[in-house]
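Protein chains: 2
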Amino acid sequence: MFESAEIGHVLSPRDYRRDLPDLRRDLLAAQYELLHQGGRAVLVLVHGGDGAGKGETVNLLNEWMDPRHLRTEAIGPGEHDGRPDVWRFWQVLPPKGHVGILFGSWYTDPIADRVAHRDDEDRFAHRLERIRQFERMLVAEGVVLLKLWFHLSKKATRERFKALQADPRTAWRVSRQDLQALRHFDARVRVAGDALRLTSTGEAPWHVIDGSDAAWRSMTAGRQVLDALRAALAAPPSPTPPALPAAEAEASSGLLAAQSYQRRMGHRRYESTLEELQGRLNGLMRRLGAGRRSLVVVFEGMDAAGKGGSLRRVVQAMDARQYRVVPIGPPNENERAQPYLWRFWRYIPRLGHATLFDRSWYGRVLVERVERLCAEPDWRRAYAEINDFEEQLVEAGAVVVKFWLAITPEEQLRRFEHRSETPHKVHKITPEDWRNRERWPDYERAVEDMVDRTSTRIAPWHVVASDNKRWTRLAVLRILCERLEQAVRD
Amino acid sequence: MFESAEIGHVLSPRDYRRDLPDLRRDLLAAQYELLHQGGRAVLVLVHGGDGAGKGETVNLLNEWMDPRHLRTEAIGPGEHDGRPDVWRFWQVLPPKGHVGILFGSWYTDPIADRVAHRDDEDRFAHRLERIRQFERMLVAEGVVLLKLWFHLSKKATRERFKALQADPRTAWRVSRQDLQALRHFDARVRVAGDALRLTSTGEAPWHVIDGSDAAWRSMTAGRQVLDALRAALAAPPSPTPPALPAAEAEASSGLLAAQSYQRRMGHRRYESTLEELQGRLNGLMRRLGAGRRSLVVVFEGMDAAGKGGSLRRVVQAMDARQYRVVPIGPPNENERAQPYLWRFWRYIPRLGHATLFDRSWYGRVLVERVERLCAEPDWRRAYAEINDFEEQLVEAGAVVVKFWLAITPEEQLRRFEHRSETPHKVHKITPEDWRNRERWPDYERAVEDMVDRTSTRIAPWHVVASDNKRWTRLAVLRILCERLEQAVRD
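Chains E and P are the protein sequences, given in the same order. Our numbering puts the first sequence at residues 1 to 490. Our numbering puts the second sequence at residues 1 to 490.
Read the hints as simulated data drawn from the structure, not as lab findings. Incorrect hints may appear among the rest.
What the hints assert, rightly or not - Now the stretches of chain E that chain P is said to cover, found in silico as 3 or more residues with beta-carbon under 8 angstroms:
#, region
1, 49–63
2, 69–81
3, 320–331
4, 375–384
To be verified - Think about it this way: if two alpha-carbon atoms lie no more than 25 angstroms apart in a straight line, the pair counts; the simulated DSS-like pairs of lysine-lysine are:
#, chain 1, residue 1, chain 2, residue 2
5, P, Lys96, E, Lys428
6, P, Lys425, E, Lys96
7, P, Lys425, P, Lys469
8, E, Lys425, E, Lys469
9, E, Lys425, P, Lys469
10, E, Lys428, E, Lys469
11, P, Lys428, E, Lys96
12, P, Lys428, P, Lys469
Small disclaimer: the values here were computed from a predicted structure and weren't measured. For glycine and all other residues, C-beta sits at the position ideal for the given N, C-alpha and C.
The shape of chain E in the complex, shown without the other chains:
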């Protein structure tokens, strides 16, 4: 992997001085054009051996480009607070039109943990597979990824440290950790080589840069960044889906039609069971708060299916300090400038806490699919991305509970009419609700696909026939209790 980076490439000071002004001008021009175009983000990952010039290169890039539209983040070792490893990287993704530099990245921990034997080979391979999926998603969402690895041979590293130590003005730059790291040099090179090999994909290849000569290294890195900026500029924007959707021809699988919509529930039995279930949930939430788990609940359903009412019966049993309710509507300006999962990652709870989503990331394969708000390839790949997202939540300790509240078109009509006639409910019904209703078969089809493709063992869908409000609320509470009981037992 690193052989060609040990050849000892050199760029003469004269050539460097000759080429630099052009490179700087082109970098700046490309950066401004990207900002102006606003189509894609560029993310540069900087990795490599100690003393191979990572820090110097990052500083140079900041000098050559406009630092006002460039954000550099230094990534230290992660802390586990119950959020998936990748959570903190979502927080620092550059928005469209911007350039981000990550000094260390999602590769930092997996490589360090493997070198130190905290992870075995299988776990290491699993983490790299996750990274591949994550990067594939980023690229599909329009992020141009540039992965740079600065390499210096063991001999050259030792010599560089010696030279630095010999000069009192630079001796501080060599830490005890650097010298210790030298002892694991071979293991680190071996592990890094595996990591680079397994994650050099077509959409996000690694570029290994010989770090021995400063001029060569800087010029090479600068040109790589320029190439990435130009790739971002050249890439066509996401295709706009046709404005007038054709009707979906495919037949329904019958999943929703097969539910039992006839269930009824008397007032008194409802009240007493509600109280009993809420008490049970309250106790379970207290155990959750004390333990190593978190809770993510998703409420989806057609308009007027009773999402809000069910959600309120659930949070009534919880302590307000422990949960957060997140209603999901159309994305705002900041959210549109990021990959679509970005706005959901922000609300992932830490250990002991819960987030309840009123609508969710499933909007991608429901409303965005049916209303043609995104292109077909985008919602088609979303199923796998969502499964991957939820798998990460579960692995990090979350209990993921997803409800589809299924009502019949007849019941929806009854509720719409009731809302239109009830003064304090009239705000809950909009012309859009009536429009959505006309696409019922398309939505039905989308829901069935969604359940088929994203109901996994670790994060199953719970389809609840919801024509009766009381019955629905109790069913939701009961399922939630059962899922939590099971999680607490495990």
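Once you have looked at the hints, place chain P on chain E.
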């Protein structure tokens, strides 16, 4: 302060049941109307003694209102990372149209620190004065503040703990901390009484609620929240400033005219001095990184005054992992829904780090004043708010360095024309720049007022005559070095 809360108010269960449905309906209706209107935010602070029903009330409010548009934050004791105490509260302010509940708030630490004698009387008074200023600003920015203090007498608290302990199902609710707190009960009541007295202002009074009877307490709190929502709805929106501004009649103070714009600087002397100053700054930044200080730099100036160029010469001397550059343009959707200082608080650096602002919070008293983007009372009160903001930064360890880069109208014209004629600079000039130029006297006047009113001993303005780019860049670097040297010495 608490006498009337020890009377033992009681609401009969019958009355509670009778009044509750109306209250809930009104709360929901007011909440939705607020959300729809989007004019103001409501922030409820919940404080009081242990066992006085704070937690129960917060949970009830979440049950009565729509939890999707209500955010509850539990505030624990603060950690010092070099950001002012109030920083973390800025992170959780509700946007316009929303309701936030803070369980604990900016009162938590000052009261606890005074009870435990970590703060003396003077420091306590100083922190309360800060709080008064902060709340005055929030209210002026359109936040309706409701401050609730739940009180229970010492005797009643002791009895409540005994009752809870007697029942095995509730014994867990009484912690050792609760029992210890009982020993400091009198001191706590005394300190809290002082705090409430000193911060019960006209715009943000405290409401003390007798916590002994659950029905009384809940109904009273619910009605207070309803009153706050209605106050938010009734308050007129901020007056819209007149669309066509009149010319400012006031005369210039001559501050800008008095600068020496004739300075020149040769290329060779520039290069060698630049290198020397950047080396000096680099060493100072390393000391900053190791120490208990942070750095906030503000670049302001007319269009084409050289802010970007000076900023780049500064960050060239810094490590990219240590600083962040924040360009400030017109506020986006999220930012417009918050008090105007909100978006700057987000970027306040932690200890050892630096943030450089290319334009800043001074936009309020410059562009917003001149272009009439905010009403006169709003920019007039901004001077004091900004001084207060910067004082907090300095108290928390920041070195605050503010540059006004002053150019003459003639030099600006030369630069505009040069930009229009240079292909790779043409993007830097917009029709707006030409328009702003027409208001030069108004801007001049605003700058002079700004410097007069916000150049303080702890955060002075550095007005740099900037007709010569080289001279400007060196002056900026020199001033920054001097300010840092002074700070490191202190």
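Exercise. Apply the coverage criterion to the region 375–384 of chain E and chain P: a residue qualifies when its Cβ sits closer than 8 angstroms to a Cβ of the chain, and three qualifying residues are needed.
Key: With 0 residues close enough to chain P, the hint is violated.
Quiz item: Within 25 angstroms, alpha carbon to alpha carbon, are Lys425 of chain E and Lys469 of chain P?
Solution: violated, 64 angstroms
Quiz item: Taking 25 angstroms as the top limit, are the C-alpha atoms of Lys425 of chain P and Lys96 of chain E close enough?
Solution: holds, 22 angstroms
Exercise. Examine the region 69–81 of chain E: at least three residues should have C-beta closer than 8 angstroms to a C-beta of chain P.
Key: Satisfied; 5 residues make the cut.
Quiz item: Is Lys425 of chain P within 25 angstroms of Lys469 of chain P, Cα to Cα?
Solution: holds, 16 angstroms
Quiz item: Straight-line Cα separation of Lys428 of chain P and Lys96 of chain E no greater than 25 angstroms?
Solution: Distance ~20 angstroms between Lys428 of chain P and Lys96 of chain E Cα, so the pair holds.
Quiz item: Do at least three Cβ atoms from the region 320–331 of chain E come closer than 8 angstroms to Cβ atoms of chain P?
Solution: Holds, because 6 residues of the region 320–331 of chain E bring their Cβ atoms closer than 8 angstroms to Cβ atoms of chain P.
Quiz item: Taken at face value, is the distance from the CA of Lys469 of chain E to the CA of Lys428 of chain E at most 25 angstroms?
Solution: holds, 17 angstroms
Quiz item: Straight-line Cα separation of Lys425 of chain E and Lys469 of chain E no greater than 25 angstroms?
Solution: holds, 16 angstroms
Quiz item: Are Lys428 of chain P and Lys469 of chain P close enough, with their CA atoms no more than 25 angstroms apart?
Solution: OK: Lys428 of chain P and Lys469 of chain P at ~17 angstroms, within 25 angstroms.
Quiz item: Holds or violated: the region 49–63 of chain E covered by chain P, criterion of 3 or more residues with Cβ-Cβ distance under 8 angstroms?
Solution: Coverage by chain P holds here, the residue count being 6 at a Cβ distance below 8 angstroms.
Self-check item: Lys96 of chain P paired with Lys428 of chain E [C-alpha distance capped at 25 angstroms]
Solution: holds, 20 angstroms
Violated hints for the displayed structure, listed by number in ascending order: 4, 9.
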